[in-house]
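Join these two chains into a complex; the hints should help.
For the record, the sequence lines run as chains S and P.
The letter at position 67 of the first sequence is residue 67 when you use our numbering, and the numbering goes up by one with no holes.
The letter at position 41 of the second sequence is residue 41 when you use our numbering, and the numbering goes up by one with no holes.
For the record, the hints were derived by calculation from the structure and aren't laboratory data.
Note that the coordinates shown come from a computational prediction; the quantities given were computed from them, not determined experimentally.
Not one of these hints is a red herring.
Calculated cross-link-like contacts (lysine to any residue; reagent style SDA-like; alpha-carbon spacing at most 25 Å):
1) Lys69(P) to Glu26(S)
2) Lys71(S) to Leu20(P)
3) Lys82(S) to Phe111(P)
4) Lys71(S) to Ala16(P)
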Amino acid sequence: MNLLSALFIGLLFGLGLIVSGMTNPEKVLGFLDILGDWDASLAFVMVGAIAVTAAGYRWIGRAGKPWFDLKYQMPNNVVIDKQLISGAILFGVGWGLVGLCPGPALTAIIIEPWALLVFSAAMLSGMVIARAVLSMRQG
Amino acid sequence: MHDYLLALIGGTMIGAAAVLLMASHGRIMGVSGIISRLMPPVANDWHWRIAFVIGVIVAPLIALLINGKLPSIQITHSPVVLAIGGLLVGTGTVIGNGCTSGHGVCGLSRFSVRSLVATMIFMLAAVITVYIVRH
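So here's chain P without its partners, still in its complex pose (with noise of 0.2 Å):
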């Protein structure tokens, strides 16, 4: 229950973040997209990229003031299976022009059919992934 409450609170956290990336500078925060532009061909308005990249990558010390310690997670994956994972996923999200923040917090708050297809075949993709790796 309390894991649900955080992922709840943590969820309004990153529509906040939404809302005010497109009250601020008109933009859909899809994170893949945000990304990819900022490998070449440079986007021109690379600059607020940068800085909501950053942004991103910095906030787990935002945590260790907070909490005295960085948050714990587990990867247990070999390197193999990362890199390709990666690949998949840097292919993938260009290809389909978005991710679980583009099109899946962004397009479905958005009414966006396209991102409601694209949304359940991702999902749908990494359920059976997961089926088949793990069982």
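The shape of chain S in the complex, shown without the other chains (with noise of 0.2 Å):
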């Protein structure tokens, strides 16, 4: 049950994706591209996701525990150092590069295998060396 649910919050995100168009890197560097012929789905996108995911945390609230697991998991990092800011630095020029971040990569699997196949192998790659850099910086 409780991989189902994860299942299916996974196709729910997966569709809402696909309904809003952002599974298109077209479109999200649509907007992106302020300059150019300028695309505000991606802000329609953020508005509709933010306003529901607001209510429906402060609705949770931190009290009690969610249905399949012991407590709830909040970051509890405020810290804004230098290691956030690259890391966003980082991945808004890879980000601007194909207009693929990781949720709509997903999606894009099984439509476009080859293209993604190549973007996913980098990310991935990526991911591992990172979190290889930051533990031993750690350790």
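Printed below as a string of structure tokens:
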């Protein structure tokens, strides 16, 4: 049941990306291309998503427990440091180069498998390398 | 207009998914984190992560069932650019601990200043990158 719900949530998220058009990198790049033929769609996606999520998070609160786990796992890091900033810059440049970020990339695998094979292999490699580097610095 | 309405509706579906993940598993729906913890060293709770990822990957098939065709997308970039972009997205999301879903949707919904800063920075970096590439 806990796995089925995770599967369903993934499906819902993926369908949301598809309905909103965010699975299409050209649409995402159309938003980021503010001096070009501007497509504001991504802004509307964020508004819809944040409105629902903010209300939902408030409603859930911190009391009690999630249905399938022992406790809520909210991030508790509040520090704004060079790591956060440099990570955001790297991610932003990559996103701006191809218009793909992790979520939409997953939905695109079946649609454009070869392009996504290249992108995903590179993304996963980047993740493994970054995790290794971060844990060495902390160790 | 029609596009923007669909964007809003799709956004609310994304939001609903985020809320459901918090209610059911107590987790932030940050896709970069969900995926990265499936990479070595693999997290102990990989089961729900894999289920979630499978759901996202398979979603276009639902669209195929409903619409009779897969969503159409355009990817015009060369493999080299795709690889560089992927590498940057992979390293950046791990170093910055989040992406558009993690910081942009979930973080902002929690009124996290850290996520606000991250979101503004990656948005700006992306906009500048697109400007340099296209103009």
